[in-house]
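Colleague: I would like the entire structure built from these sequences, with the hints used as guidance.
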Amino acid sequence: MDMAFIIETVVKIVVILLVFSALAGFGTYFERKVLAFMQRRLGPMHVGPYGLLQIAADGIKLFTKEDIIPQNVVKPIFQIAPVITAATAFMAAAAIPFMPSFTIGDYTVHPIVADINIGILYILGVMGAGLYGPLLGGLASANKWSLISTARAAAIFISYEVITGLSILAPLMMVGSLSLIDFNTYQAGGIGNWIVWSQPVAFILFVIAGFAETGRTPFHLVANDHEIIDGFGTEYSGMRWGLFFIGEYANMFFISFVTAILFLGGYGDGSLLGALGLLLKVSFLFFFFLWTRAAWPDVRPDQLMWLCWKVLMPIAVINIVITGIVMMV
Amino acid sequence: MFETIAFYLFAFLTVAMFSITVFTRQALYALTALAAGMIFISAFYFLLGADFLGAVQIIVYTGAVMALYAFGMMFFDTTRYVNEHGRSPLIVFLLSGMAALLVVVIFAAPIASENIVANYPVQEGVGNSQAVGMVLFTKYLVPFEVAAVMLLVAMIAGIVLAGKKMDRSLTLMEEEEIELAKQSQEKAV
Amino acid sequence: MHTHDTHEQHGHGESELGNRYISEHYYYVDIAPYPTTPWGKFSRALKRTLRGELFVGLWVVLREMFKFDIHTVQYPKEKLLVGPRYRAVHAMQRLFESGTERCIGCGLCEKICISNCIRMETRLDEKSRKEVSEYTINLGRCIFCGYCAEVCPELAIVHGPRYENVSEQRAHYIDYAGMLTPIDMAISGEQKEFDGFGAVTPHEDARVKQTPLAY
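Residue numbers (our numbering), protein chains in the order written: chain A, 2 to 330; chain B, 1073 to 1261; chain C, 197 to 411.
Careful: at least some of the hints might be erroneous.
For lysine-lysine, the following BS3-like pairs were computed, each having C-alpha atoms within a straight-line distance of at most 30 Å [unchecked claim]: (1) B:Lys-1254 <-> C:Lys-237; (2) C:Lys-405 <-> B:Lys-1236; (3) C:Lys-307 <-> C:Lys-326; (4) A:Lys-282 <-> C:Lys-263; (5) C:Lys-323 <-> C:Lys-307; (6) C:Lys-405 <-> C:Lys-273; (7) C:Lys-243 <-> C:Lys-307; (8) B:Lys-1237 <-> B:Lys-1259; (9) A:Lys-311 <-> C:Lys-243; (10) C:Lys-405 <-> C:Lys-388; (11) B:Lys-1237 <-> A:Lys-145; (12) B:Lys-1259 <-> A:Lys-311; (13) B:Lys-1236 <-> A:Lys-311; (14) A:Lys-62 <-> C:Lys-275; (15) A:Lys-145 <-> A:Lys-62; (16) A:Lys-13 <-> A:Lys-76; (17) B:Lys-1237 <-> C:Lys-263; (18) A:Lys-62 <-> C:Lys-273; (19) B:Lys-1237 <-> C:Lys-243; (20) C:Lys-275 <-> C:Lys-405; (21) A:Lys-311 <-> C:Lys-388.
I should point out that these hints are in silico values taken from the structure, not numbers from a laboratory.
Modeller: Structure (structure tokens):
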């Protein structure tokens, strides 16, 4: 293995870690602002101009707060759970092409850490493993709210993971590859070639499953504030709780990227315009996450499971069958 | 060099995790170590270039161990130690004998493995998932379909076993109806 | 129009209930019966899916966002007006024109205070008149019952409109100097007189009678 490759990979990893940790912080700011505007409020205004430095204030607070380990918790598991959430979120980013490749001088940079040919499977698997964070945190907490949230996490995970897998199966059959870069080149022709037009059902199913995966509002059940305090996060404080938070927001960004690349044409032909287009699509999808939080109520866990198993799974299977028939004929 | 380092690192981690699974008295430690070990195993697939199997390993076993967690949650207080009773000397004897046999086999394996040739070697230019698909839908088509039918049977059996009284809703029943149902159940017991 | 229908439906039901206290504009929320058959459940799910109510919700919040009709009061910078009869933190009044303190140190407020938070010390001054030397109200204990203001024979202690009684130090809860109207305000007539029991009414001049010296 040559040295340049290793250095390039390390630089990419560091850049992704830094950019998305910071973006997770900005994500909280955007969320508070967008929710506030939709509810006729102003949101954070006091720290810095228009409350922009609120992120810094929150960061200082999270970093300097005491790390409380309550009595009766299973200490090692309790300590490692938030790390799993944050780490798996960033691990999933390894197979996401964030931008088209560009050249600095005469060196071509591919903004993807590892272009493995099963990219999408890897991303889904690692994001799925991310649910061990809430699961372990809740089980180790010795708290009833946490335990309820764990039970929900386990039940919900098994439900939505089926939908995620089945919904992307139809586009996978069309593209014939699991690599996200192949997905991108398949749709490089322009808006008309986007998979969302040929697979609208799969797109809707994937977005629904993405909401369940990130635990955002219509399916905000694992840490549902008004029912079970903060669920798995009830006993956490300081930076350990902050890691859960960073994991959640980084996951939102990565799911937005994956959705944009899978269904909405990704970065197109790889020009600067295409890269800007990808960023716009991701921003809109992220905004959509916040938008639904302002507009929609939460469903109950049994309703989510009902939806996944009795409604979405049959639709996904029918979608696959129809796609197969159309491709064969 | 990196691959050797990675192999020994993950080998150590996998063995350590599964040892914890076996030796610990704490259900939560055991399950977590099991999940971690299962995910570390996928590293070997990645090292051997079998990316597809590696990713499938992660996806399948996160879900599978998640179900185990659900059971663990129902049967144990996962924040307490579980004390095991009844250590049978016979089982200890048998298990240690089998472990010794296994060690011998493991050390003898390299001698035997020199004669083993892969039936379906990795071909250049054919992707991982394509290769798996080709083998699965040609040579192993019948076992694959039989396994699928078996899973379907298991699913239907599970639904039938679990869904006996699913059409009855306590929230919609009148007080008297619930009382009647209770009494008839007591009679049956 | 949906709500109107339900109102009509239940219009005669109100008299059956015999509840005269239900306002005319109240209506019963139309709760459809829970579907029991599989087809009923399915059609309800289909209706809910295709009626597009979720998009109505999305549109409403998006509209509010672009209207930008913000109702936030940025408190330390902006303050809401309090009602004219709002009574909160105590104030000590002075006499008009002369600016002498109204408090005569009778100690009635200290006596009547049910939460025991008023404390006063008095002494005789050089003209042998009673003078208040110490007067404190512990606002941390005060329950704002208003007895002190009611009992005061001189209308000296009143409840003022100041409502910000937050402080970092207990010593700020509350000393005599802080409560007393500043002397320049009293002389220039800016001191606010409060309506209520015993207060000087606007038409006091017309109602003043001559003192009957004939006695």
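Colleague: Take the hints in turn and mark each one as holding or not.
Modeller: Consistency of the hints with the structure:
1. B:Lys-1254 <-> C:Lys-237: With a Cα-Cα distance of about 27 Å, the restraint between Lys-1254 (chain B) and Lys-237 (chain C) holds, given a limit of 30 Å.
2. C:Lys-405 <-> B:Lys-1236: violated, 94 Å
3. C:Lys-307 <-> C:Lys-326: Roughly 17 Å between the alpha carbons, so the hint for Lys-307 (chain C) and Lys-326 (chain C) holds.
4. A:Lys-282 <-> C:Lys-263: Distance ~24 Å between Lys-282 (chain A) and Lys-263 (chain C) Cα, so the pair holds.
5. C:Lys-323 <-> C:Lys-307: holds, 26 Å
6. C:Lys-405 <-> C:Lys-273: violated, 49 Å
7. C:Lys-243 <-> C:Lys-307: Not satisfied, since the Cα-Cα distance of roughly 71 Å exceeds 30 Å.
8. B:Lys-1237 <-> B:Lys-1259: The given pair, whose Cα atoms are some 17 Å apart, holds under the 30 Å limit.
9. A:Lys-311 <-> C:Lys-243: Distance ~16 Å between Lys-311 (chain A) and Lys-243 (chain C) Cα, so the pair holds.
10. C:Lys-405 <-> C:Lys-388: holds, 25 Å
11. B:Lys-1237 <-> A:Lys-145: holds, 28 Å
12. B:Lys-1259 <-> A:Lys-311: violated, 35 Å
13. B:Lys-1236 <-> A:Lys-311: It holds: about 18 Å lies between the C-alpha atoms, which stays within 30 Å.
14. A:Lys-62 <-> C:Lys-275: Holds - the C-alpha atoms of Lys-275 (chain C) and Lys-62 (chain A) are around 29 Å apart, at most 30 Å.
15. A:Lys-145 <-> A:Lys-62: holds, 27 Å
16. A:Lys-13 <-> A:Lys-76: violated, 34 Å
17. B:Lys-1237 <-> C:Lys-263: Not OK: Lys-1237 (chain B) and Lys-263 (chain C) at ~52 Å, beyond 30 Å, violated.
18. A:Lys-62 <-> C:Lys-273: holds, 25 Å
19. B:Lys-1237 <-> C:Lys-243: Within the cut-off at roughly 28 Å; holds.
20. C:Lys-275 <-> C:Lys-405: violated, 44 Å
21. A:Lys-311 <-> C:Lys-388: violated, 71 Å
Comparing the model with each numbered hint stated earlier shows that hints 2, 6, 7, 12, 16, 17, 20 and 21 do not hold.
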